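Going down the list, the sequences are from chains A and B. Going by this note's numbering, the first sequence opens with residue 64, and the numbers climb by one from there. Going by this note's numbering, the second sequence opens with residue 64, and the numbers climb by one from there.
Derived by calculation from the structure, the hints in this document are not laboratory data. Hints may contain errors.
One copy or two, it doesn't matter: identical chains are merged, so the pair holds either way.
No farther apart than 20 angstroms at their CA atoms in a straight line, the calculated lysine to any residue pairs in the SDA-like style are these [said to hold, decoys possible]:
| no. | residue 1 | residue 2 |
| --- | --- | --- |
| 1 | Lys-107 | Gly-173 |
| 2 | Lys-203 | Phe-251 |
| 3 | Lys-203 | Tyr-184 |
| 4 | Lys-271 | Ser-211 |
| 5 | Lys-238 | Phe-97 |
| 6 | Lys-271 | Ala-228 |
| 7 | Lys-213 | Met-152 |
| 8 | Lys-107 | Asn-91 |
| 9 | Lys-107 | Glu-124 |
| 10 | Lys-107 | Ile-171 |
| 11 | Lys-273 | Cys-222 |
| 12 | Lys-205 | Tyr-184 |
| 13 | Lys-203 | Ile-237 |
| 14 | Lys-90 | Glu-174 |
| 15 | Lys-90 | Val-234 |
| 16 | Lys-208 | Ile-171 |
| 17 | Lys-208 | Phe-172 |
| 18 | Lys-208 | Glu-235 |
| 19 | Lys-273 | His-255 |
| 20 | Lys-273 | His-223 |
Remember, it's a predicted structure, so these values are computed and weren't measured experimentally.
Take a look at the letters that make up each chain.
2 protein chains.
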Amino acid sequence: RNKNNIYEQSFIQKKPIEHRETSTNIKNIIGQLFNTYIIVEGEKKFYLIDQHAAHERILYETYTNQYKQTPASQNLIEPYQLELNTQDMLLINEYIDEINRMGFDVSIFGENTVLIRAVPYFFNRVVEPSVLQVVLDEFKEKEYKGLSPKERFISSMACHTAIKAGELLSVEEIKELVNQLGNLDSPFTCPHGRPTIISMTQYELEKKFKRVQ
Amino acid sequence: RNKNNIYEQSFIQKKPIEHRETSTNIKNIIGQLFNTYIIVEGEKKFYLIDQHAAHERILYETYTNQYKQTPASQNLIEPYQLELNTQDMLLINEYIDEINRMGFDVSIFGENTVLIRAVPYFFNRVVEPSVLQVVLDEFKEKEYKGLSPKERFISSMACHTAIKAGELLSVEEIKELVNQLGNLDSPFTCPHGRPTIISMTQYELEKKFKRVQ
Numbered sequence: 064r065n066k067n068n069i070y071e072q073s074f075i076q077k078k079p080i081e082h083r084e085t086s087t088n089i090k091n092i093i094g095q096l097f098n099t100y101i102i103v104e105g106e107k108k109f110y111l112i113d114q115h116a117a118h119e120r121i122l123y124e125t126y127t128n129q130y131k132q133t134p135a136s137q138n139l140i141e142p143y144q145l146e147l148n149t150q151d152m153l154l155i156n157e158y159i160d161e162i163n164r165m166g167f168d169v170s171i172f173g174e175n176t177v178l179i180r181a182v183p184y185f186f187n188r189v190v191e192p193s194v195l196q197v198v199l200d201e202f203k204e205k206e207y208k209g210l211s212p213k214e215r216f217i218s219s220m221a222c223h224t225a226i227k228a229g230e231l232l233s234v235e236e237i238k239e240l241v242n243q244l245g246n247l248d249s250p251f252t253c254p255h256g257r258p259t260i261i262s263m264t265q266y267e268l269e270k271k272f273k274r275v276q
Numbered sequence: 064r065n066k067n068n069i070y071e072q073s074f075i076q077k078k079p080i081e082h083r084e085t086s087t088n089i090k091n092i093i094g095q096l097f098n099t100y101i102i103v104e105g106e107k108k109f110y111l112i113d114q115h116a117a118h119e120r121i122l123y124e125t126y127t128n129q130y131k132q133t134p135a136s137q138n139l140i141e142p143y144q145l146e147l148n149t150q151d152m153l154l155i156n157e158y159i160d161e162i163n164r165m166g167f168d169v170s171i172f173g174e175n176t177v178l179i180r181a182v183p184y185f186f187n188r189v190v191e192p193s194v195l196q197v198v199l200d201e202f203k204e205k206e207y208k209g210l211s212p213k214e215r216f217i218s219s220m221a222c223h224t225a226i227k228a229g230e231l232l233s234v235e236e237i238k239e240l241v242n243q244l245g246n247l248d249s250p251f252t253c254p255h256g257r258p259t260i261i262s263m264t265q266y267e268l269e270k271k272f273k274r275v276q
């Protein structure tokens, strides 16, 4: 199913999202700007994609679909031992299945310790096992109030395992990100509601350069 | 003399042009968009350059400086014979020195004929000898009224020998264009007054993506 045609929609113009299943409008990946935004050329329009927000949205949907498909995972050479306080251990106990379905292999090792044998793996990048502690910490923050526990885990995991702003990406990584984003149902905002894509038409650019009146 | 620091100036913001002679702010050439605009990354800012307008400005200054420096020229394998009407022959007669200093080698061959032995040459591109007829035609247009005859020739030549919008450029050609533009005294508009460079700061982009408030 090809949904790259989402790039036909401009986030700025706040058009409703429609999917036309037949064609892609991405013609060219131009490059990466400030190691943070990906510039994509479309048909009479160009796009700037926030690599972090876009990846966050991709991961959010991947994690949400965890029951349907297993995300990529990589075994650690040495298991990573993480000591947790009682509150975090309770969380782990309750959500261990969800966490493991996100690509971790976490097992309870003692009263206050978990053993991490595998971590999520995306774009040739291995998620640091210590990210689990960050995710547990964020779970308790008020930022996510109103979300279900599962949603909180997913949002926090998506944020902390996504490509960061300021990371230099290879051409292959850029292509993968752009393609994955094109396959989403809700590609235009990250889970926090920030835009992932902004666009400008060739016509708008022509006006700026006074090529047209 | 390094003036690449012009890219520190934003055309859109209409700041006065200042030259700081010590450093360049171009960090990266990102690529070419719609085969028409060059995307350049600077320090906390990015630039879109209209390749035609920019080249027009470069050539305009080159032709204006014709008495100081000879522009690149290439001999034709076969001399090109151009038949002209009486009015055009009078123009040629009057401005043959100026035309030849722009990179042509034009000589009068008969009552209504000139022989073109060499043409201007830029960016590995040879100017078509027939451009001389276009330039002569435009000389008589009212578009340029208010300009001196020399100015009219120069403006028309710059317009008709510049890289066009829609031309795919090589990385080397892009670099040369960007560097040459950076060395000009008036890089921000083409001879017709259209902008050559527009810019956006990283901060403005961050606002669009709601990375900052």
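Tested hints:
1. Taking identical chains as interchangeable, the C-alpha atoms of Lys-107 and Gly-173 are never at most 20 angstroms apart, the minima being 59 angstroms within one chain and 49 angstroms between chains.
2. Taking the shortest alpha-carbon separations for Lys-203 and Phe-251, neither the intra-copy value of 27 angstroms nor the inter-copy value of 53 angstroms comes in at or below 20 angstroms.
3. Proximity of Lys-203 to Tyr-184 under the C-alpha cut-off of 20 angstroms is found in neither arrangement, the shortest distances being 25 angstroms within a copy and 68 angstroms between copies.
4. For the identical chains of this complex, Lys-271 and Ser-211 are neighbours neither inside a copy (46 angstroms) nor across copies (29 angstroms), given an alpha-carbon limit of 20 angstroms.
5. Both within a single protomer and between protomers do Lys-238 and Phe-97 lie at most 20 angstroms apart by alpha-carbon distance, with minima of 17 angstroms and 19 angstroms respectively.
6. For a Cα distance limit of 20 angstroms, the shortest separation of Lys-271 from Ala-228 across copies, 15 angstroms, qualifies, whereas the shortest one inside one copy, 28 angstroms, does not.
7. Proximity of Lys-213 and Met-152 under a CA criterion of 20 angstroms is satisfied intra-copy only: 16 angstroms inside one chain copy versus 83 angstroms between copies.
8. For the homomeric pair Lys-107 and Asn-91, the shortest alpha-carbon distance inside one copy (12 angstroms) is at most 20 angstroms, but the shortest distance between copies (24 angstroms) is not.
9. With identical chains, the CA atoms of Lys-107 and Glu-124 are never at most 20 angstroms apart, being 29 angstroms at best within one copy and 32 angstroms at best between copies.
10. Within a single copy, Lys-107 and Ile-171 get their C-alpha atoms no closer than 55 angstroms, and across copies no closer than 47 angstroms, so neither meets the 20 angstroms cut-off.
11. For the homomeric pair Lys-273 and Cys-222, the shortest alpha-carbon distance between copies (15 angstroms) is at most 20 angstroms, but the shortest distance inside one copy (41 angstroms) is not.
12. With identical chains, the CA atoms of Lys-205 and Tyr-184 are never at most 20 angstroms apart, being 28 angstroms at best within one copy and 66 angstroms at best between copies.
13. For the identical chains of this complex, Lys-203 and Ile-237 are neighbours neither inside a copy (33 angstroms) nor across copies (52 angstroms), given an alpha-carbon limit of 20 angstroms.
14. Taking CA atoms no more than 20 angstroms apart as the test, Lys-90 paired with Glu-174 passes in neither setting, with 55 angstroms inside one copy and 53 angstroms between copies.
15. Both within a single protomer and between protomers do Lys-90 and Val-234 lie at most 20 angstroms apart by alpha-carbon distance, with minima of 15 angstroms and 19 angstroms respectively.
16. For a Cα distance limit of 20 angstroms, the shortest separation of Lys-208 from Ile-171 qualifies neither inside one copy, at 27 angstroms, nor across copies, at 85 angstroms.
17. In this assembly of identical chains, Lys-208 and Phe-172 lie within 20 angstroms of each other by CA distance neither inside one copy nor across copies; the values are 30 angstroms within and 87 angstroms between.
18. Taking the closest pair of Cα atoms, Lys-208 and Glu-235 never come within 20 angstroms of each other, the shortest separation being 37 angstroms inside a single copy and 54 angstroms across copies.
19. When the C-alpha separation of Lys-273 and His-255 is checked against a cutoff of 20 angstroms, the pair qualifies only between copies, where the shortest distance is 10 angstroms, while the shortest distance within a copy is 37 angstroms.
20. Only between protomers do Lys-273 and His-223 lie at most 20 angstroms apart by alpha-carbon distance; the minimum there is 18 angstroms, versus 43 angstroms within a single protomer.
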